[in-house]
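There are 2 protein chains.
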Amino acid sequence: MHYPTGVKVLKTNKINYANRGMNLEAELNDTNNYYLKNDIAVIYKKPTPITIHKVNYKSRNDAVIEDARFKIPSTTDYNGIYKGKYIDFEAKETTRNFFPLANIHMHQIEHLKNVYRHGAIAFLIVRFTKQNKTFLLPAESLFDFLKNNSRKSIPIIFFEENGYIIKDKYNPKIDYIEILDKVFFKEV
Amino acid sequence: MHYPTGVKVLKTNKINYANRGMNLEAELNDTNNYYLKNDIAVIYKKPTPITIHKVNYKSRNDAVIEDARFKIPSTTDYNGIYKGKYIDFEAKETTRNFFPLANIHMHQIEHLKNVYRHGAIAFLIVRFTKQNKTFLLPAESLFDFLKNNSRKSIPIIFFEENGYIIKDKYNPKIDYIEILDKVFFKEV
Chain A
1 MHYPTGVKVL
11 KTNKINYANR
21 GMNLEAELND
31 TNNYYLKNDI
41 AVIYKKPTPI
51 TIHKVNYKSR
61 NDAVIEDARF
71 KIPSTTDYNG
81 IYKGKYIDFE
91 AKETTRNFFP
101 LANIHMHQIE
111 HLKNVYRHGA
121 IAFLIVRFTK
131 QNKTFLLPAE
141 SLFDFLKNNS
151 RKSIPIIFFE
161 ENGYIIKDKY
171 NPKIDYIEIL
181 DKVFFKEV
Chain B
1 MHYPTGVKVL
11 KTNKINYANR
21 GMNLEAELND
31 TNNYYLKNDI
41 AVIYKKPTPI
51 TIHKVNYKSR
61 NDAVIEDARF
71 KIPSTTDYNG
81 IYKGKYIDFE
91 AKETTRNFFP
101 LANIHMHQIE
111 HLKNVYRHGA
121 IAFLIVRFTK
131 QNKTFLLPAE
141 SLFDFLKNNS
151 RKSIPIIFFE
161 ENGYIIKDKY
171 NPKIDYIEIL
181 DKVFFKEV
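Which chain is which? The protein sequence lines are A and B, in order. Reading the first sequence from the start, the letters are residues 1 to 188 in my numbering. Reading the second sequence from the start, the letters are residues 1 to 188 in my numbering.
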C-alpha cells in the first residue's frame, strides 16, 4: 500500500519518494515527453490524488494548500492515446525478485479489468531494480495469474515467461511503445 | 485562469469552488459513476495537479501535506474509454452569454489538438448557467472557431449552431454519451 500506509516515517520533512518508484516514474515522464514532442503518442501520468482540507488564499495569485491528505487512487497512474487506441497502465518498482501484489491497490486492478473490457490496451510496467530488468506485462497475463494463483506476489519468472523486457535506451529511456507495436499492433 | 489566478480571495479558509464549475463537476462525477456502474464507459476526472512542498509524516499511517500549490494543468480534466475509443474533454461553466476563452488554458487546447490528431473523441462540455443550457462542442468546432476568430470568447450562438444540447435527466444527469452515440458512433 502506498498512500498513506507504506510511506516511511521520516525525520525530515522531505517527501520519501523511495517507496514510490520515482526512478521509473522520472524515466517514464521523460519517455512520455519524448512521445509527445515527437508526436508519437499522448500519454500522461495523472496527478497524485489528494483531499484538500484547508487552503490559505494569501493573495489573489497565491493560494497555499495548508492541509491535505493523500487519497487511495481509483485508477492507474498512466493513460492516454496511441494510434487511436486507449492506453492504460500502472508502473511499479520492486527491490525483490518477486512483485508484491500489495504494491497495487485492488481498485487499480479493478480499473485495469474495466478498461480492458472496454477495449483498452492495458498493462503493467514493473522494474526489478536488483536484476535491472523492466518488464511490460499485458493486463491479460496479470488477470490470468490472479485467477490461477492465491499467492501474494508474482515471481520474476512469471514476468520472464509472460512479459516483455523493455530494453534500456538513451532516448526514449523506457521505450514501451516499441513493445506495444510488437504485441498489440502486429502487422496482419 | 483558474489556478491560481481567478481563485477569489476568501476571508475564510474554505475552498472557493464557485469559480471552478463544481455544480457541473459534481453532476459529471455522478454521470461518470453511473457509466462505470452500468459498465457503459470508464471515464474519470483527473485529480487536481499540485506541487507538494512539505509533508509531515505524523505517523506511519498519517502523512499530512502542509504546503502545496496548485499547478496549471497540462491536460484536460476528463478522459477515459467508451466503445473502445479514447475520450477526452474539458468541462466549464459560465454565467455569461458567451464562453470566455480565458477559462481554458492554452495547454489544454494544445492537448485537445494533440489527442484529436491521434484519433481521440475530443470535446468541450460548457454550461451556460443563466440560460440553463449545457452543450457538448466537438473539438473540431472549437478549433474552427479559434482559426477563424480573434475574439476572446465564444458566443452562445456558436454553441447553438455547432454544439449539441445535453438535456437534463434524472440519471445520468449529464448524459453526454447519448450525444457521442449520435455524433461519433452513427450507424453506417
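Quick caveat, the hints were computed from the structure, so don't treat them as lab data. Be aware that a few hints might be false.
Treat identical chains as interchangeable: a pair holds within one or across any two.
Said to hold, decoys possible - Restricting the straight-line Cα-Cα distance to at most 20 Å, the calculated cross-link-like pairs of lysine to aspartate or glutamate (DMTMM-like) are: (1) K113 to D39; (2) K71 to D30; (3) K37 to E110; (4) K45 to E178; (5) K83 to E110; (6) K130 to D77; (7) K182 to D67; (8) K147 to E161; (9) K169 to E25; (10) K58 to E161.
Given the structure is predicted, the values throughout are model-derived calculations rather than measurements.
For a quick check of understanding: which of the numbered hints are violated here, in increasing order?
Going through the list in order, the structure violates hints 6, 7 and 10 and respects the others.
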